[in-house]
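K.L.:
Chain residues, written in single-letter form:
There are 2 protein chains.
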Amino acid sequence: MSLIIIGTVAFDAIETPFGKTDKIVGGAATYASLAASYFYNKVKIVAVVGDDFQKSDIDAFNEHGIDTEGLQVKEGEKSFFWSGKYHNDMNSRDTLVTELNVLADFDPVIPESYQDCEYLMLGNLTPIVQRTVIERLKKRPKLIVLDTMNFWMDIMMDDLKETLKLVDVLTINDEEARQLSGEYSLVKAAKKILTMGPKYLIIKKGEHGALLFHEDKIFSAPALPLAEVFDPTGAGDTFAGGFIGYLAKVGTINFNNMKNAIIYGSALASFCVEKFGTEKILNLTDEEVAARIQEFVKLSAFTIDA
Amino acid sequence: MSLIIIGTVAFDAIETPFGKTDKIVGGAATYASLAASYFYNKVKIVAVVGDDFQKSDIDAFNEHGIDTEGLQVKEGEKSFFWSGKYHNDMNSRDTLVTELNVLADFDPVIPESYQDCEYLMLGNLTPIVQRTVIERLKKRPKLIVLDTMNFWMDIMMDDLKETLKLVDVLTINDEEARQLSGEYSLVKAAKKILTMGPKYLIIKKGEHGALLFHEDKIFSAPALPLAEVFDPTGAGDTFAGGFIGYLAKVGTINFNNMKNAIIYGSALASFCVEKFGTEKILNLTDEEVAARIQEFVKLSAFTIDA
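Chains as they are written, first to last, in UniProt numbering: chain A, 1 to 306; chain B, 1 to 306.
These are calculated hints, taken from the structure and not from any lab test. Just so you know, even glycine gets a beta-carbon here, dropped at the ideal spot from N, CA and C.
Label-pair restraints from in silico Cβ distances:
(1) B:304 to A:192: 29 to 35 angstroms
(2) A:254 to B:291: 23 to 29 angstroms
(3) B:191 to A:87: 21 to 27 angstroms
(4) B:118 to A:15: 51 to 57 angstroms
(5) A:93 to B:18: 33 to 39 angstroms
Mimicking PhoX-like on lysine-lysine, the simulated pairs with C-alpha atoms at most 20 angstroms apart in a straight line are:
(6) A:55 to A:78
(7) B:78 to B:55
(8) B:205 to A:205
(9) A:42 to A:142
(10) A:298 to B:191
(11) B:259 to A:298
(12) B:74 to B:55
(13) B:188 to A:275
(14) B:298 to A:191
(15) A:199 to A:142
(16) A:217 to B:298
(17) B:217 to A:298
(18) B:199 to B:161
(19) B:298 to A:259
(20) A:188 to B:275
(21) B:298 to A:298
(22) B:55 to B:23
Hey, can you work out the whole structure from these sequences and the hints?
P.N.:
Spelled out as structure tokens, the structure:
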């Protein structure tokens with residue numbers, strides 16, 4: 001039994017109104033696996049890096065109990081690199097540099113020891129690579145979560161739709177839900193998307209929280225209002241990792257557990273943005289996480305006598 | 001004991017992607033008083049109209065138990081008129097016509113029978129008129145709620161700040177909170193605004209719900225995701241009216257009751273947008289309102305074992 005997370009492991013250079021970083025370790029699989037590791041101890045990653053990725057960088061995963069057998073290291077090649085600059089509102093950013101490098105021909109390898117996969121998180125990558133991973137698992141996982149973005153809708157909508165047929169949960173933002181469905185109303189968009197394959201749809205709305213749609217049920221999760229957002233990079237991936245990590249821990253897939261999983265994912269994402277890159281989510285204590293969860297409980301609780 | 005609502009009573013002509021109306025009755029005090037009337041039976045309005053306002057229009061208030069003694073009818077003059085057109089996303093609109101008419105020199109008259117006012121809702125008007133109403137009440141109400149908008153921040157910020165010193169609750173949207181405080185983070189904005197007079201701040205975020213700030217506490221209220229928003233006109237005023245109407249009914253001002261009041265206000269606002277103008281909130285049953293409240297409870301409830 002394990003949770004496999006596939007996605008980018010990369011270097012990022014980030015500039016925000018609060019400062020800038022040199023190349024630091026980032027990537028969807030990095031954030032998601034670190035987040036998941038707080039709730040589940042059999043997290044395994046599938047990703048590719050170049051030989052510029054240091055042993056100490058890999059150690060950081062292993063120290064969180066994350067299995068890196070599926071992390072390919074390509075000699076003589078360079079890791080995926082992204083550089084971006086956030087605007088003052090922290091809600092929009094410019095991409096300054098994107099170097100695909102090893103990602104350009106990423107062929108995901110699933111080690112034999114990964115075939116016990118019960119939970120699969122398909123981080124944002126081409127829908128074809130995402131589908132390949134599903135096909136290379138001998139037994140279909142109990143739960144497949146897919147994250148994607150507008151970029152793939154722009155250039156590979158048909159492939160994305162093929163892959164969507166195979167997954168249980170889709171996580172996208174509100175604009176992407178509108179693009180994927182052709183509906184402006186998120187209720188109508190969700191209704192359409194839930195006919196495309198996923199049984200659960202999570203619409204991420206950043207500082208406005210998230211919506212979960214399943215059959216005719218809706219859950220609205222709050223976001224924790226923060227005095228300072230230091231660096232939003234990786235918040236969505238941290239959310240997804242915390243989400244599936246919590247579900248792997250509880251082991252039962254139903255609407256109530258999904259709701260809680262969204263709260264756990266949101267709590268970890270709220271930590272992520274407090275420092276640059278992975279700095280904050282590398283070093284959380286269980287007490288900090290538990291206290292943050294209680295903040296979410298207090299934030300949205302109200303009692304109305306029927 | 002009564003709830004006084006001051007604001008515009010007006011004619012609107014509205015165009016949305018779903019259709020358009022001729023002149024229909026609108027205005028902040030109209031929406032707010034109708035909404036409040038579902039929870040409290042001593043609602044009194046202070047407003048001004050011209051002689052184009054029909055007796056049947058006034059009857060509609062009275063049929064909801066709303067006292068119109070403070071509604072001045074100016075012979076030979078015309079009512080305030082606003083005409084607007086909503087864009088396809090329904091989140092933005094163009095104002096086509098604004099005719100102030102009787103509103104240009106509105107001098108609010110407080111009938112002697114209104115001096116029992118315990119709850120005061122100051123709908124969006126010039127901050128000077130809002131302050132005049134407070135001054136003309138012989139006894140300070142138990143609760144004063146003020147709604148305003150960016151327009152007054154642009155042209156009368158000093159007057160607005162003077163009036164703010166006198167109120168208990170301020171309701172504005174997120175952009176207005178940023179403008180009033182000069183802070184982008186809503187947490188920081190709220191902290192600053194809570195030093196300006198109001199003890200409670202409600203930040204309205206439309207389809208993303210609302211935030212309530214009080215001392216160091218925050219409540220995040222969801223908005224009901226709707227398949228169809230037919231006409232957003234008056235939703236904010238309906239929210240405010242439902243909010244203060246609920247508080248007038250329960251009679252005790254504290255954070256918990258404020259949270260519930262936001263849910264009641266949000267529930268009425270969710271009805272408001274389902275039809276043009278006041279059509280929907282003119283004709284709600286108690287059962288419909290109770291069922292909608294339960295939808296809000298279900299929408300945001302989750303249970304996490306500590």
